[in-house]
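K.L.:
Sequence:
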Amino acid sequence: KKAIIDPSLFKYKVQPIKKHLYEPVIVKASQLSRRKHLFSRDRLKLFLKQHCEPHDGVIKAKATSIEKYHLAEQNFSYFFPDEPPTFIFSPASRRRGRPPKRASASLEDSITPKQNTPGNKSKVSRERARFQKQKE
87 KKAIIDPSLF
97 KYKVQPIKKH
107 LYEPVIVKAS
117 QLSRRKHLFS
127 RDRLKLFLKQ
137 HCEPHDGVIK
147 AKATSIEKYH
157 LAEQNFSYFF
167 PDEPPTFIFS
177 PASRRRGRPP
187 KRASASLEDS
197 ITPKQNTPGN
207 KSKVSRERAR
217 FQKQKE
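Take any residue in the sequence shown, note its place counting from 1, add 86, and you have its number in the numbering used here.
Source of the hints: derived by calculation from the structure; they are not laboratory data. Treat the hints with caution; some may be incorrect.
[Said to hold, decoys possible] Computed cross-link-like contacts, SDA-like style, restricted to lysine to any residue with a CA-CA straight-line distance of at most 20 angstroms:
| hint | residue 1 | residue 2 |
| --- | --- | --- |
| 1 | Lys-131 | Val-113 |
| 2 | Lys-131 | Val-144 |
| 3 | Lys-146 | Pro-170 |
| 4 | Lys-99 | His-156 |
[As the list claims (entries may be wrong)] Pairwise CB distance ranges, derived in the manner of DEER restraints:
| hint | residue 1 | residue 2 | range |
| --- | --- | --- | --- |
| 5 | Leu-107 | Ala-158 | 51 to 57 angstroms |
| 6 | Pro-177 | Val-113 | 44 to 50 angstroms |
| 7 | Arg-216 | Glu-139 | 49 to 55 angstroms |
| 8 | Ser-94 | Lys-122 | 20 to 26 angstroms |
| 9 | Ala-178 | Ser-94 | 38 to 44 angstroms |
| 10 | Leu-134 | Glu-213 | 48 to 54 angstroms |
| 11 | Glu-109 | Leu-157 | 23 to 29 angstroms |
| 12 | Phe-165 | Glu-139 | 19 to 25 angstroms |
| 13 | Arg-127 | Pro-177 | 25 to 31 angstroms |
| 14 | Arg-121 | Pro-177 | 40 to 46 angstroms |
| 15 | Thr-172 | Ala-149 | 51 to 57 angstroms |
| 16 | Glu-213 | Lys-135 | 46 to 52 angstroms |
For every residue, glycine included, the Cβ atom is placed at its ideal position computed from N, Cα and C.
Could you build all of it, start to finish, from the sequences and the hints given here?
P.N.:
Structural data, given as structure tokens:
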């Protein structure tokens with residue numbers, strides 16, 4: 087495995103937006119920064135919505151974005167200097183939490199929402215027991 091490269095050693099070629107007025111410049115990593123509030127959760131959501139789509143539980147780049155930005159011509163090492171990460175496969179875990187509600191039974195249909203309040207739980211439980219006896 088290769089050793090991880092120190093990010094401060096990188097130099098970046100900055101392309102100007104107005105190419106006819108300025109020339110590209112090479113700068114150190116310490117000279118680059120991003121203005122505060124430029125990157126936010128909302129902007130990330132917008133980016134994902136515009137350029138990505140889910141395929142079988144995996145988020146992939148849209149074909150239009152791949153074509154527009156020539157991503158098919160690039161590989162991982164073009165964007166990142168280190169080796170690609172290896173992800174350990176973990177099977178989907180069972181859903182935890184409350185079990186799903188049962189299909190409506192005659193018991194639940196007979197109890198009105200007014201009766202099913204926290205203060206009347208004992209009354210509700212007594213009625214359920216009575217209905218269960220009636221069914222038998």
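K.L.:
If a hint holds in the structure, say so; if it doesn't, say that too.
P.N.:
Against the structure, the hints:
With a C-alpha separation of about 30 angstroms, the suggested pairing of Lys-131 with Val-113 is violated against the 20 angstroms cut-off. Using a Cα cut-off of 20 angstroms, the hinted pair Lys-131 and Val-144 holds, with the two alpha carbons roughly 16 angstroms apart. The hinted pair formed by Lys-146 and Pro-170 meets the criterion: a straight-line CA distance of about 17 angstroms does not exceed 20 angstroms. For a cut-off of 20 angstroms, the pair hint linking Lys-99 to His-156 stands: about 19 angstroms separates their Cα positions.
A hinted range of 51 to 57 angstroms for the beta carbons of Leu-107 and Ala-158 is inconsistent with their spacing of about 32 angstroms. Separation of Pro-177 from Val-113 is about 45 angstroms and conforms to the stated range, judged on CB atoms against 44 to 50 angstroms. Distance hint for Arg-216 and Glu-139: a CB-CB separation of about 54 angstroms, consistent with the stated range 49 to 55 angstroms. Between Ser-94 and Lys-122 the Cβ separation comes to about 21 angstroms, which falls inside the hinted range of 20 to 26 angstroms.
Against the hinted window of 38 to 44 angstroms, the Cβ-Cβ separation of Ala-178 and Ser-94 comes to about 40 angstroms, which satisfies the hint. Take Leu-134 and Glu-213: their Cβ atoms lie about 50 angstroms apart, and the range 48 to 54 angstroms holds. Here the CB-CB span from Glu-109 to Leu-157 is close to 27 angstroms, well matched to the stated 23 to 29 angstroms. At about 20 angstroms, the CB distance of Phe-165 to Glu-139 agrees with the hint of 19 to 25 angstroms.
Checking the proposed 25 to 31 angstroms range against Arg-127 and Pro-177 shows it holds: the Cβ atoms sit about 29 angstroms from each other. Taking 40 to 46 angstroms as the suggested C-beta distance range, the pair Arg-121 and Pro-177 conforms, at roughly 42 angstroms. For Thr-172 and Ala-149, the Cβ-Cβ distance of about 27 angstroms falls outside the hinted range of 51 to 57 angstroms, so the restraint is violated. Checked against the hint of 46 to 52 angstroms, the pair Glu-213 and Lys-135 passes, with Cβ atoms roughly 49 angstroms apart.
Of the numbered hints stated above, those contradicted by the structure are hints 1, 5 and 15, listed in ascending order.
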